[in-house]
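Number of protein chains: 2
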Amino acid sequence: MKKGNTVFFKNKPRVESFAAVCGSKEKEGIIGQYADIALDDDMYGESTFEKAECKMLTTAISQCMEKGGKSEKDVDVLLSGDLLNQIISASFAARDYDLPFLGVYSACSTMSESIMLAAMLVNAGYVKRAIAATGSHFASAERQYRYPLELGCTRPPQSQWTVTGAGGCMIAAKDEGVKIVSATMGKVCDYGVTDVNNMGAAMAPAAADTIIQHLKDTGTQPSDYDMILTGDLGALGSRIVKDLSWEKGYDISKVHVDCGEIVYKVIESEFQGGSGAGCSAIVFNSYVLKKMQAGLYKRILFAATGALLSTVSSGQGESIPCISHAVELEL
Amino acid sequence: MKKGNTVFFKNKPRVESFAAVCGSKEKEGIIGQYADIALDDDMYGESTFEKAECKMLTTAISQCMEKGGKSEKDVDVLLSGDLLNQIISASFAARDYDLPFLGVYSACSTMSESIMLAAMLVNAGYVKRAIAATGSHFASAERQYRYPLELGCTRPPQSQWTVTGAGGCMIAAKDEGVKIVSATMGKVCDYGVTDVNNMGAAMAPAAADTIIQHLKDTGTQPSDYDMILTGDLGALGSRIVKDLSWEKGYDISKVHVDCGEIVYKVIESEFQGGSGAGCSAIVFNSYVLKKMQAGLYKRILFAATGALLSTVSSGQGESIPCISHAVELEL
Chain D
427 MKKGNTVFFK NKPRVESFAA VCGSKEKEGI IGQYADIALD DDMYGESTFE
477 KAECKMLTTA ISQCMEKGGK SEKDVDVLLS GDLLNQIISA SFAARDYDLP
527 FLGVYSACST MSESIMLAAM LVNAGYVKRA IAATGSHFAS AERQYRYPLE
577 LGCTRPPQSQ WTVTGAGGCM IAAKDEGVKI VSATMGKVCD YGVTDVNNMG
627 AAMAPAAADT IIQHLKDTGT QPSDYDMILT GDLGALGSRI VKDLSWEKGY
677 DISKVHVDCG EIVYKVIESE FQGGSGAGCS AIVFNSYVLK KMQAGLYKRI
727 LFAATGALLS TVSSGQGESI PCISHAVELE L
Chain W
427 MKKGNTVFFK NKPRVESFAA VCGSKEKEGI IGQYADIALD DDMYGESTFE
477 KAECKMLTTA ISQCMEKGGK SEKDVDVLLS GDLLNQIISA SFAARDYDLP
527 FLGVYSACST MSESIMLAAM LVNAGYVKRA IAATGSHFAS AERQYRYPLE
577 LGCTRPPQSQ WTVTGAGGCM IAAKDEGVKI VSATMGKVCD YGVTDVNNMG
627 AAMAPAAADT IIQHLKDTGT QPSDYDMILT GDLGALGSRI VKDLSWEKGY
677 DISKVHVDCG EIVYKVIESE FQGGSGAGCS AIVFNSYVLK KMQAGLYKRI
727 LFAATGALLS TVSSGQGESI PCISHAVELE L
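Line by line, the protein sequences give chains D and W. Here my numbering is used: the first residue of the first sequence is 427, the next is one more, and so on. Here my numbering is used: the first residue of the second sequence is 427, the next is one more, and so on.
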């Protein structure tokens with residue numbers, strides 16, 4: 427059932443439903459027309475950015491149930507995490523539901539880690555139905571990781587823009603729908619990058635490591651996939667992941683797409699593109715899964731990427747360890 | 427395989443090895459003689475508290491492998507998390523190993539959450555061997571959650587003392603050793619407690635909820651267990667969990683033990699006792715498992731408890747959502 431670091435799901439858990447909520451800036455991009463809810467005001471009627479982030483996540487979770495025609499009593503477990511300290515968005519969202527909750531954290535790779543674990547639990551028959559969800563908010567991330575917005579700091583050209591949005595999907599033991607075929611557990615990779623404004627460069631080695639591990643474990647080639655989707659490497663990181671993979675003998679350039687690269691309309695103004703746990707969450711749980719359901723993509727590898735730093739680790743001179751977990755999906 | 431919120435492991439994954447590293451204050455207590463390594467200096471040769479915390483965790487993980495006679499190549503996955511923002515202790519510890527890493531977070535319930543997930547992965551045959559580990563450090567927790575130690579703030583009587591220590595265990599598909607029989611996934615409980623110095627009162631309802639759920643799902647009574655072990659409720663929280671359980675018709679008073687209550691030698695000076703992810707990690711992975719191996723305890727329920735707050739959520743006037751995940755072990 428396992429080869430290398432990849433677990434194969436013989437019962438093929440399915441994506442029963444999915445949902446995405448995006449912010450006002452994200453609405454202007456490609457995702458605007460695919461998201462279930464696109465906000466006009468990123469405060470979402472709340473008094474703080476953090477509460478707005480939590481509300482987006484709650485909305486995504488509720489939408490998953492609603493779109494799947496299910497209620498809390500039909501769901502067995504919620505798996506979630508987010509970028510805020512002590513994953514408060516996920517924990518406070520979980521408080522609103524009468525559901526067992528498993529907190530997970532792998533920064534911006536939380537979407538694929540939670541889907542992977544949900545698929546593992548469903549495939550093993552431990553649970554019938556699990557929801558995996560995550561999100562992020564530009565303003566809460568800025569003030570936690572960088573500077574208060576009020577300071578008006580200049581952004582360096584290698585920086586990315588944290589996505590305001592949340593997304594999730596409901597994984598169930600079913601006979602129809604998009605299948606989760608396998609999942610590759612990522613290892614922590616650290617190439618010594620210390621620039622906290624250059625997450626793409628820091629995360630690219632982890633993405634390349636997991637993608638190549640997956641291809642080796644499954645005995646496949648990049649051309650076997652309609653899409654190899656990374657989470658939020660941005661424009662620069664995407665070039666690096668293609669280079670690193672090519673150096674190891676795998677040319678992913680024809681099928682590689684990065685959520686961070688496609689999430690915004692005019693990428694120049696956001697420099698390298700989108701980032702944050704919400705980035706892959708909204709792209710995957712709207713555009714990608716809708717296109718899969720429509721038959722445009724038949725087989726994809728979704729490898730979200732996470733930078734496992736904190737302000738404390740960077741303040742103490744540490745480099746940025748990164749990780750990428752991958753799930754393989756088939757129509 | 428699942429009833430209520432409890433998953434039953436028919437292949438009964440085993441605890442192959444376990445290890446605990448404790449700080450100098452913890453060394454003076456009961457754990458001092460059971461821990462594998464007891465520090466004389468809580469800096470552990472490092473330049474910062476956070477790096478010392480990470481090193482303790484790394485030591486616990488390495489000790490697990492060593493004591494089990496295994497190396498990295500024999501282990502399939504590491505599950506870990508901790509109290510520091512973005513679980514940096516776990517992520518940086520994972521960087522030192524050539525192992526897939528799954529980041530988890532449920533505050534001080536991380537020990538039981540990670541053991542539960544490790545047992546799920548091993549029982550399903552996804553992996554042969556998994557390490558679950560966590561830890562905490564008094565000084566890093568104080569400055570992150572409360573005040574810089576240099577301020578010399580007075581501690582209120584209802585407060586607890588964050589344990590300096592780390593512990594872990596290696597879970598494997600084997601025929602001998604302590605069995606993991608079942609695991610109960612916890613729900614988030616919030617009774618509206620807002621006093622961040624009174625974690626015991628905040629967490630007790632979550633502990634009671636999970637313990638009662640477990641007893642119902644398994645059709646057992648408290649007297650069927652040699653020990654019902656909570657994580658870090660402290661003296662006050664322990665009284666509350668007994669009261670809450672009694673009110674619901676379950677008298678756990680004869681078998682209930684709290685790691686926070688027993689970890690320190692003279693409990694008065696630490697007010698309500700120990701807390702932190704390291705609290706249950708060192709008590710469970712030294713004293714408890716050693717006594718189980720020796721046959722003193724044949725069946726225990728380990729329900730570590732976590733307070734899912736952050737300084738931001740408390741600063742925004744939120745109450746403290748809590749959770750408890752439980753694992754049942756049998757000799």
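Bear in mind the hints are in silico, worked out from the structure with no lab data behind them. Check before you lean on any hint, since a few could be wrong.
The list cannot tell twin chains apart, which means a pair is met if one copy fits it or any two copies do.
[What the hints assert, rightly or not] Computed list of lysine-lysine pairs in DSSO-like fashion (alpha-carbon distance at most 30 Å, straight line):
| # | residue 1 | residue 2 |
| --- | --- | --- |
| 1 | 496 | 680 |
| 2 | 499 | 642 |
| 3 | 554 | 600 |
| 4 | 716 | 499 |
| 5 | 642 | 428 |
| 6 | 428 | 453 |
| 7 | 438 | 605 |
Hints versus structure:
1. For the homomeric pair residue 496 and residue 680, neither the shortest alpha-carbon distance inside one copy (38 Å) nor that between copies (42 Å) is at most 30 Å.
2. When the C-alpha separation of residue 499 and residue 642 is checked against a cutoff of 30 Å, the pair qualifies only between copies, where the shortest distance is 17 Å, while the shortest distance within a copy is 40 Å.
3. Taking the shortest alpha-carbon separations for residue 554 and residue 600, both the intra-copy value of 9 Å and the inter-copy value of 27 Å come in at or below 30 Å.
4. For the homomeric pair residue 716 and residue 499, the shortest alpha-carbon distance inside one copy (26 Å) is at most 30 Å, but the shortest distance between copies (40 Å) is not.
5. In this assembly of identical chains, residue 642 and residue 428 lie within 30 Å of each other by CA distance solely inside one copy; the values are 13 Å within and 34 Å between copies.
6. Taking CA atoms no more than 30 Å apart as the test, residue 428 paired with residue 453 passes in neither setting, with 40 Å inside one copy and 41 Å between copies.
7. In this assembly of identical chains, residue 438 and residue 605 lie within 30 Å of each other by CA distance both inside one copy and across copies; the values are 6 Å within and 29 Å between.
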